[in-house]
Amino acid sequence: MMIRLILILLAVPAVVLPLLSLGYIFVQAAPWFSVTVLLGDAQQHSMISSGLVPQIMGSLLLMGLACALAFPAALSLALFDMIYANASQRRVLAAALQLLQGIPPIVYGLCALVVLVHLFHWGISLVSGALVLAVVILPLLTENIMHALQRIAPEQTEAAKNLGLSAWHIVVRVWLPVAWSDILTGVLLAMARALSETAPILFTATVFSGVSLPDSIWSPVSSLQTHIFYLAQEASNKQAMGVAWVSAALLLLLVLGLSVVAWWLRQRRLGA
Amino acid sequence: MFKRFIYMGLVASSVWVLTLLFFLLQSSWAFWHQIGVQVLWQDEWYPYEHLYGFLPAIVGTLWALCIAMLIAVPCALAAAIVNSELVPRQVQPWGRVLMEILAGVPSIVYGLLGLWVLLPFLQKHLNLLSGHSLLAAGMMLSLMVLPTMMLMAEDALRAVPLEQREAGMHLGLNWEQRLWRILLPQAYPGMRSGMILSLGRALGETMAVMLVVGSMDRMPEPLYNILQPAQTLTSRIGREIGEASFGSLHFSALMACGVVLAAMALLLGRLAQGRAR
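Heads up: the protein sequence lines correspond to chains A and B, in order.
Residues in the first sequence are numbered from 1 upward in steps of one, following the working numbering.
Residues in the second sequence are numbered from 1001 upward in steps of one, following the working numbering.
Next up, chain B with everything else stripped away, as it sits in the complex (with noise of 0.2 Å):
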């Protein structure tokens, strides 16, 4: 009786999640038929004249992950070296119950920011248009990565076993030296996986992007432009969901970009587990 529960929700829930993605091959399967793969390296998506390219999409997708990644790397990092090392006993848990606690706020909490203060914000100071930018979609990441990144870099700065940080010091290394040569190279695989990990919700994360990104569907120009309104995967998948109706080629693209999207995500994956071993 009891085993049979164990395994009735074991079989439930495999049989829920493979259906799912089922689904989202075989509505997708349309347009890979019909329009190919050569999709991923077009650049124009004009859905009603039945241009399909996704390149413009994966580019932006690609600098918002870059952008935010260089705010959050160095900033995290930091963080968690000061918290593991530097700051006094008593207040490391309570910079740990913050770091927790901001880990759990609702992205579409920051979009509003984002879109109420951060654009006006960049506007004014970088004399833009509007503030619609990859920079403004990669400084929201950021901030949303931030703090499960700084708790991993710490979890893995708190492994070292004491007996180095002793035999460090034994050997006359002061704290600088101590830090570069034997705290930084111990926890390096434990933050990796933390970075990792990060990139992959930075990847998949739709609504604080989706408002200040600007859905602009072409090529940052030149490619280095990131103050132009741009689009990425997530984003175009939000706002135009709404507007394909059930069955049709643009519908059918879109699930291709959520295909395009879970593909990159598991790949990711496998980079986390594969470097694991």
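Only chain A is shown next, with the shape it has when bound in the complex (with noise of 0.2 Å):
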């Protein structure tokens, strides 16, 4: 009895401390949710006071150029793996995006700043920093394509196969209509990670002020994450940390929908 208690009260912080956490920054954003803090306010020339929509624009036109970036290349890595790979190239491969999960989102910054940034002369642009962040969530996007086509039933892939199909149309006509739904499922986990992501940006395509919306793939950006962390630092003032909060409530509510429509789907699939 005694045991289950302790480990009772051990697991109850582990739950309800996240969550205050979570709850918390929504009621501080709460009061601060106004037309003028999202849209801007046409009086006032500061730059926490100019809205947020270059923001919400650029977290979202990285996590879309990264995915878009990234896609292909895991669904390649993917279906190597599932149809031309023989044991050791699979062995090695898994083993290869294994060490690239583990090394951590701030060094490929790093590596992005010297090659893209000083390099390619690029600078700080949309672009420098799509492919960064690219480059962090192809280890858990290809992972995620490979478990969503390792769990079509392999009686169907034989069944296509003795009916004398090429690889492609196993891929689109079989594969693809079952797999769809876990793909996709992979596919919002992954655009979640890289709205996530802040340290690999941070450096390589963002910037704090004197940025409305990108004119080209060339042009720095702002972002929700790294604004979130400039306004941090400026505490004393009251008005940025209000902008603070409601850009974490921002950047949270796009993140948790997509975790939330991802379970959603994968709830649809153990249903059918």
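The hints are simulated quantities; they were obtained by calculation from the structure and are not laboratory data.
Hints are supplied without guarantee of correctness; some may be wrong.
Sample of chain B residues at the chain A side, in silico, Cβ under 7 Å [unchecked claim]:
hint	residue
1	Leu1024
2	Leu1146
3	Leu1261
Here are a few chain B residues that sit away from chain A, every Cβ distance over 12 Å (derived from the structure) [to be verified]:
hint	residue
4	Trp1032
5	His1050
6	Leu1062
7	Glu1166
8	Leu1171
9	Gly1172
10	Ile1182
11	Pro1189
12	Gly1190
13	Arg1192
14	Met1216
15	Met1219
16	Glu1221
17	Gln1228
Glycine included, each C-beta is placed from N, C-alpha and C at the ideal position.
Put the complex together from the two separate chains, hints included.
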């Protein structure tokens, strides 16, 4: 009995503390949610009061571009694993993915700073940030797609092979119709991850002030993640604090929204 | 055509990743060459006087990891046991969903909370100059790795075959005995890989740590003092990379910090893989 009590006492903070902190953010942000904070105040021209539209767009652009870059690569890695790889190649690929996943995102950020920003002279830009985010999410996305493909019943693949379908037709006609929702779940989770990574884009893609919407992929952007970081250091300014809470709440809503949709897709598959 | 697309993706992604890692090593090479590896155990970091000791940041990183694990491991394992063994069956999936969602919370959000809620709290109750400390960093990290660790531990517990539990019941073991003698020993390998994975994540976590750790480059005095501002490898990189000019020795030294960080992460990964076999 004693042990059960201790276990429950230890387990309660594990659930309650994170929930409390998320709730606290929404409570703090609630009074600040207003049209002027979101869309900007035309009378004032400070960076803090110019609205959060560029930040939201920047975050979404970085996420979208990173996924668009990582998805074909991840898909081809997963298909290679399923169709062409032999056992030893499969082992190498799995080990490599695991190692890449272990490397801290900030290290990828450093690499990109050297290669993209300085050597290629792309500067601090949307495309640099998206390319490094793509590398950060690549292992996760590849593993998600692999798992989705591995869940397909082998009988279906066998049947398709016996019908004499080519690899391309097996993928398009048999695998994708069965596995698309699992693949989509994996992509959504990778998108959530791309949205929540801050360190790699901090010095490769984003600037704090002077940015509206980016003109091209070569211009720097502003993002919710880094906006929170910069504002966090201005605790003396009441309005900055308010905008920071609102940004944090928006970022959380975006990430949680993606996770909830991913969860719902999975439930639907399990229910069907 | 199809096969060519697949091989193109394979080649492109490997070339790109290898390029990144090659330039990481290449740009830190100047530093290793000019200053040498003895920086790993020197304890003074003053880039403007060409003193590059990594030890304070390494010690800080290890301390933050220790504190995070001390808090997170008992809580996460207890939560996993409670959710897989004690809670009614209808509630279990909700506990999992909750944890899965919490695992995705961006670290910068926790950083904001740490800076504006945890630090004033620590300052007030522990009588510190500012709350910036390794303790705060460890606490933030524990909050961040808890969900992942709990989920993996729960998976491991669920994977224990039903026959084993039934055998335990037939032997007349009570719940506690079954927990200690059957469930935990069987689930231990899975739990351990969850812990190592979380350790790796905590090692590379930057934003939240950077905001609460205080970025002070000196050894904790005495060595077990976790209430002072300190520095970790990630927070040093994050704080100083903006002010170091490209090509300077300082820049190269920060790249070397990245190499040390990656080496530690790879070592952890090896550990996880090696033990799994």
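Hints, one by one, checked against the model:
1. Leu1024: holds, 5 Å
2. Leu1146: Constraint on B/Leu1146 satisfied, holds at 6 Å.
3. Leu1261: Since chain A brings a Cβ to about 6 Å from B/Leu1261, closer than 7 Å, the hint holds.
4. Trp1032: holds, 15 Å
5. His1050: holds, 21 Å
6. Leu1062: holds, 15 Å
7. Glu1166: B/Glu1166 clear of chain A: closest Cβ-Cβ about 21 Å, beyond 12 Å.
8. Leu1171: The assertion about B/Leu1171 holds, with a minimum of 19 Å to chain A.
9. Gly1172: About 18 Å separates B/Gly1172 from the closest Cβ of chain A, which puts it past 12 Å; holds.
10. Ile1182: holds, 14 Å
11. Pro1189: Holds, because the least Cβ-Cβ distance between B/Pro1189 and chain A comes to about 16 Å, which exceeds 12 Å.
12. Gly1190: holds, 16 Å
13. Arg1192: holds, 15 Å
14. Met1216: holds, 16 Å
15. Met1219: holds, 23 Å
16. Glu1221: About 27 Å separates B/Glu1221 from the closest Cβ of chain A, which puts it past 12 Å; holds.
17. Gln1228: Given that every Cβ of chain A is farther than 12 Å from that of B/Gln1228, nearest at about 20 Å, it holds.
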